[in-house]
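K.L.:
Residue-level listing of the chains:
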Amino acid sequence: MIAWLRHQKHAFTSSLRRLAVHPVATLLTALAMGVAISLPSGLYLVLGNLNQLAGNLPAQPEISVFLDADVSSAHKQALAARLKQTDIAHARLVLKDEALAALSASQDLSDITAGLTQNPLPDAWVVQPEDTSRVSLARISDELKKMPGVTETHLDSQWADRLQAALAIGHTGVWVLAGLFAIALLAISGNAIRAQVLSRRDEIHVSRLIGATNHYIRRPFLYLGALQGLLGGLAAGGVLAIAGWMLHAPVENLAGLYGSAFQLLPPTFTEIALVLGLTTLSGWLGAWISVTRTLGQVEATR
Amino acid sequence: MIHFSQVTKRYPGGHEALSGVNLIIEQGELVFLTGHSGAGKSTLLKLIAAIERPTSGSLTVSGQNISRLSSRAVPYLRRNIGLVFQDHKLLFDRSAIENVVLPLDIAGLDRRESLKRARAVIDKVGLLNREKANPISLSGGEQQRLCIARALVGRPALLLADEPTGNLDAGYAADIMSMFRDFHRVGTTLLIATHDDRAISALGGRILQLDHGKVEELAA
Numbered sequence: 006m007i008a009w010l011r012h013q014k015h016a017f018t019s020s021l022r023r024l025a026v027h028p029v030a031t032l033l034t035a036l037a038m039g040v041a042i043s044l045p046s047g048l049y050l051v052l053g054n055l056n057q058l059a060g061n062l063p064a065q066p067e068i069s070v071f072l073d074a075d076v077s078s079a080h081k082q083a084l085a086a087r088l089k090q091t092d093i094a095h096a097r098l099v100l101k102d103e104a105l106a107a108l109s110a111s112q113d114l115s116d117i118t119a120g121l122t123q124n125p126l127p128d129a130w131v132v133q134p135e136d137t138s139r140v141s142l143a144r145i146s147d148e149l150k151k152m153p154g155v156t157e158t159h160l161d162s163q164w165a166d167r168l169q170a171a172l173a174i175g176h177t178g179v180w181v182l183a184g185l186f187a188i189a190l191l192a193i194s195g196n197a198i199r200a201q202v203l204s205r206r207d208e209i210h211v212s213r214l215i216g217a218t219n220h221y222i223r224r225p226f227l228y229l230g231a232l233q234g235l236l237g238g239l240a241a242g243g244v245l246a247i248a249g250w251m252l253h254a255p256v257e258n259l260a261g262l263y264g265s266a267f268q269l270l271p272p273t274f275t276e277i278a279l280v281l282g283l284t285t286l287s288g289w290l291g292a293w294i295s296v297t298r299t300l301g302q303v304e305a306t307r
Numbered sequence: 051m052i053h054f055s056q057v058t059k060r061y062p063g064g065h066e067a068l069s070g071v072n073l074i075i076e077q078g079e080l081v082f083l084t085g086h087s088g089a090g091k092s093t094l095l096k097l098i099a100a101i102e103r104p105t106s107g108s109l110t111v112s113g114q115n116i117s118r119l120s121s122r123a124v125p126y127l128r129r130n131i132g133l134v135f136q137d138h139k140l141l142f143d144r145s146a147i148e149n150v151v152l153p154l155d156i157a158g159l160d161r162r163e164s165l166k167r168a169r170a171v172i173d174k175v176g177l178l179n180r181e182k183a184n185p186i187s188l189s190g191g192e193q194q195r196l197c198i199a200r201a202l203v204g205r206p207a208l209l210l211a212d213e214p215t216g217n218l219d220a221g222y223a224a225d226i227m228s229m230f231r232d233f234h235r236v237g238t239t240l241l242i243a244t245h246d247d248r249a250i251s252a253l254g255g256r257i258l259q260l261d262h263g264k265v266e267e268l269a270a
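Chains A and B are the protein sequences, given in the same order.
Position one of the first sequence corresponds to residue 6 (this note's numbering), numbered consecutively onward.
Position one of the second sequence corresponds to residue 51 (this note's numbering), numbered consecutively onward.
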């Protein structure tokens, strides 16, 4: 057990030394990995920010129910009774005069509304159903639309739904990209490790002759791969931090033009740890595949 | 300690390096292996260290059957065997003492203890003032002594040397051989492949002659 720990320590320090001895090669490999990793993780961050934007929309989807201008009071009462049923959480009647007053006050449209000879707006109900799932919303919206005296219903959550659906596609895209770049990572790491194994074939050969196990020979290369992966992950963090820093001002400027306090969201600690963990793992795995293959070749040429 | 029974080694391509060798080497023996180059001396040593496997016959080393030894067990066999090579096989990317300490690192010994033992063994081969030097800056004789130090640092019961004085002039060769005599006196089993007749006559010991893959015992 103690010997095993000593071996781990020895392999770890010797691979650290390897990285330090070839700083340029180490840096270039880390940079190649960093750029590869920054693409899917960058896309992930962009989607996270769009999600935040979508999340700022009213959380409770509402259905607007517009009434006919000449709706009879019997139909009005029937609709009000329907809206008292248990599947409706909340319903609020907005009379056309209120709506016009609100429109004139809030949206700088007083010029236009002042010019109107009569109120063109209908009376409306703003309805919040109990069950806000998309299917249920659509069903209630349809049902209300078919009631007599109702001109039209409008589902306020529609564009948010569309955005959500688009984001879902984006998320799938992130995973597809992440998968592809994980393969690229394996290749980059594997190549770097292969070069290392070949440059140390004498040491490997001698170590074998004086009683080194496969594990002993493999171990420093695995550490090397894992460290390379970790450095690659850190480089990706650097790339994204620079990109975020550059985008920061323009995004706030744009958000300001829309009157929004939207800000770029940095990745959470868990997300950073996850990316670093995955890149380390990929580096290790690439090294494992490469060492296994290359050691076989080195042995065969002796 | 070493038991060859009808051991044949045929290389791919048909060359038969050893044919039906029978041989017993007891613990603590000093044995010279002579014969012209290509007679199979290196092959015999390689079989003992499980660098090559016998084509047929049975070979046991320290009670372990080499023909049936799993590749996992080979490293542990080799840790009990010191190997001295004609071309030294030193690593030029590290200092002399780091070369000597390598077998102990591989065995997983405490680093400080390892360095102490390495220094003691380097002292024994007379290179203590060169322990920090890169082996490439050492003379041929010094490199060979360093190689011997590396072979001995693990305190092996068996030392195999393949032409240890092959590239050295007479003075250095005598030096190396007297070193081997000292190891023999403390009980190490030595098997030395050489065609340096002066060395053999100076040390005494058992002499085996290899000729076309057959072993013949010569009177000492």
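One or more of the hints may lead you astray.
Covered stretches of chain B, as calculated for chain A (at least 3 residues, CB under 8 Å) [unchecked claim]: (1) 65 to 71; (2) 151 to 157; (3) 227 to 234.
Calculated pairs, SDA-like style, for lysine to any residue (alpha carbon to alpha carbon, straight line, at most 25 Å) [to be verified]: (4) K139/B x Q133/A; (5) K166/B x Q133/A; (6) K166/B x A16/A; (7) K96/B x Q13/A; (8) K182/B x K81/A; (9) K139/B x K81/A; (10) K166/B x F17/A; (11) K182/B x H15/A; (12) K182/B x R206/A; (13) K81/A x Q133/A; (14) K182/B x Q133/A; (15) K264/B x H15/A; (16) K14/A x K182/B; (17) K166/B x I7/A; (18) K166/B x R11/A; (19) K182/B x H12/A; (20) K14/A x R162/B; (21) K166/B x K81/A.
In case anyone wonders, no lab produced these hints; they're calculated from the structure.
Using N, Cα and C, we set each Cβ at its ideal position, and we do this for glycine too.
K.L.:
Hints first: check each against the structure and report whether it holds.
P.N.:
Results of checking the hints against the structure:
Check on the segment 65 to 71 of chain B: 0 of its residues sit with their Cβ under 8 Å from a Cβ of chain A, so the three-residue criterion for coverage is violated. Only when three residues or more bring their CB closer than 8 Å to a CB of chain A does the claim for the segment 151 to 157 of chain B stand; here the count is 5, and the claim holds. With 0 residues carrying a beta carbon less than 8 Å from a beta carbon of chain A, the segment 227 to 234 of chain B misses the three-residue requirement, and the given coverage is violated. For the proposed pair K139/B and Q133/A, the alpha carbon gap of about 83 Å is over 25 Å, so the pair is violated.
Proximity of K166/B to Q133/A is assessed by CA-CA distance (about 82 Å); at most 25 Å being required, the pair is judged violated. For the suggested pair K166/B and A16/A, the alpha carbons sit about 21 Å apart, so the restraint of at most 25 Å is met. Taking the CA atoms of K96/B and Q13/A, the gap is about 30 Å. The hint is violated against a cut of 25 Å. Note on K182/B and K81/A: the hinted pairing is violated, with a Cα-Cα distance of about 100 Å set against a maximum of 25 Å.
Proposed proximity of K139/B and K81/A is contradicted: the alpha carbons are some 100 Å apart, above 25 Å. Restraint check: the Cα-Cα separation between K166/B and F17/A comes to about 23 Å, which is no more than 25 Å; the hinted pair holds. With a C-alpha separation of about 20 Å, the suggested pairing of K182/B with H15/A holds against the 25 Å cut-off. In summary, the hint linking K182/B to R206/A is supported, as the alpha carbons are separated by about 23 Å, within the 25 Å threshold.
Distance hint between K81/A and Q133/A is fulfilled; the C-alpha atoms sit about 18 Å from each other, no more than 25 Å. Only pairs whose Cα atoms come within 25 Å are accepted, and K182/B paired with Q133/A is rejected, the gap being roughly 83 Å. Distance check on the hinted pair: K264/B and H15/A sit about 45 Å apart at the alpha-carbon level, beyond 25 Å; violated. Our distance criterion of 25 Å between C-alpha atoms is met by K14/A and K182/B, whose separation comes to about 23 Å.
Our distance criterion of 25 Å between C-alpha atoms is met by K166/B and I7/A, whose separation comes to about 19 Å. Of the pairs offered as hints, the one joining K166/B and R11/A holds, with about 17 Å between alpha carbons and a cut-off of 25 Å not exceeded. Distance check on the hinted pair: K182/B and H12/A sit about 23 Å apart at the alpha-carbon level, within 25 Å; holds. Straight-line distance between C-alpha atoms of K14/A and R162/B comes to about 14 Å, which keeps the hinted pair within the 25 Å bound.
The hinted pair formed by K166/B and K81/A fails the criterion: a straight-line CA distance of about 100 Å is larger than 25 Å.
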